[in-house]
Amino acid sequence: MKRMLILFGAMTFLSACTVVDLDADGKPILPKDPNAKPGYTDQTPQQIAEESWQSRVMETANGHALSWADMETKSQTVKAGTSESVFVRASGIVTAFDTSNAREHKLTVTINGKSVNINIGPVLRSNGIRDAAGFRFEEFTNQVQYAQLTRALNRHAVKQLPKVDESWVNKPVQALMAVTMQRGNVDDVVAVELKPGTP
2 MKRMLILFGA
12 MTFLSACTVV
22 DLDADGKPIL
32 PKDPNAKPGY
42 TDQTPQQIAE
52 ESWQSRVMET
62 ANGHALSWAD
72 METKSQTVKA
82 GTSESVFVRA
92 SGIVTAFDTS
102 NAREHKLTVT
112 INGKSVNINI
122 GPVLRSNGIR
132 DAAGFRFEEF
142 TNQVQYAQLT
152 RALNRHAVKQ
162 LPKVDESWVN
172 KPVQALMAVT
182 MQRGNVDDVV
192 AVELKPGTP
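Residue numbers (my numbering): 2 to 200.
Incorrect hints may have been included.
The list that follows gives simulated cross-link-like pairs (lysine-lysine, DSS-like), each with its CA atoms no further than 27 Å apart [claimed, not checked]:
no.: 1; residue 1: K160; residue 2: K172
no.: 2; residue 1: K164; residue 2: K107
no.: 3; residue 1: K196; residue 2: K172
no.: 4; residue 1: K196; residue 2: K80
no.: 5; residue 1: K172; residue 2: K107
no.: 6; residue 1: K160; residue 2: K107
no.: 7; residue 1: K115; residue 2: K172
no.: 8; residue 1: K164; residue 2: K75
no.: 9; residue 1: K75; residue 2: K107
no.: 10; residue 1: K75; residue 2: K115
no.: 11; residue 1: K196; residue 2: K75
In case anyone wonders, no lab produced these hints; they're calculated from the structure.
If you're wondering where the values come from, they're calculated on a predicted model, not measured in any experiment.
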């Protein structure tokens, strides 16, 4: 009788166990934890850029963009020898459209009496969008994926911009930008959003 009870108990225990599939190496394939935080290890940089553009870039930019004057004040607090990127929203007058470099076009905009060169692509060479949006290295598999995300975000940003040409010169513009600052100095400005508007 005792043996039958033990056997019955063992069968009950086994029936309660979940059979787990194995991968090609014989390791168990575990289902994803529904409570786990989203990760980027199984996504391409392009997928990350597209899927997180609204939530991580635009919402952050629209919710935390500084004015140009506030950005200049904040730049005074940047630690010497380092840089920091922030989103900035400002209006101004376009004074030049520079296409001398076929791959790196720039708009020169007068903002608060200063000439500011805004990079608009088609190629952007800046970590500004990635860093201002708060992406952190530890969220990614390695340095390569982190660097590739920069390029993917920059390409995605360029796709969102309107077609810019000489007709923009001498017209007002509203700009949302990723600005990379050094101590008391603007190092790099990248367009995130451009709209004709009133300065």
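Here is what the structure says about each hint:
Proposed proximity of K160 and K172 is supported: the alpha carbons are some 22 Å apart, at most 27 Å. The hinted pair formed by K164 and K107 meets the criterion: a straight-line CA distance of about 13 Å does not exceed 27 Å. Under the criterion of a C-alpha separation no larger than 27 Å, the hint pairing K196 with K172 is consistent with the structure, at around 11 Å. Of the pairs offered as hints, the one joining K196 and K80 is violated, with about 33 Å between alpha carbons and a cut-off of 27 Å exceeded.
Between K172 and K107 the CA atoms are separated by roughly 15 Å; this keeps the pair inside 27 Å, and the hint holds. Taking the CA atoms of K160 and K107, the gap is about 15 Å. The hint holds against a cut of 27 Å. Distance hint between K115 and K172 is fulfilled; the C-alpha atoms sit about 16 Å from each other, no more than 27 Å. Proposed proximity of K164 and K75 is contradicted: the alpha carbons are some 32 Å apart, above 27 Å.
With a CA separation close to 24 Å, the supplied pair K75 and K107 stays within the 27 Å bound. For the suggested pair K75 and K115, the alpha carbons sit about 17 Å apart, so the restraint of at most 27 Å is met. For the hint linking K196 to K75, the alpha-carbon distance of about 25 Å falls within 27 Å, and the restraint holds.
Going through the hint list in order, the structure does not satisfy hints 4, 8.
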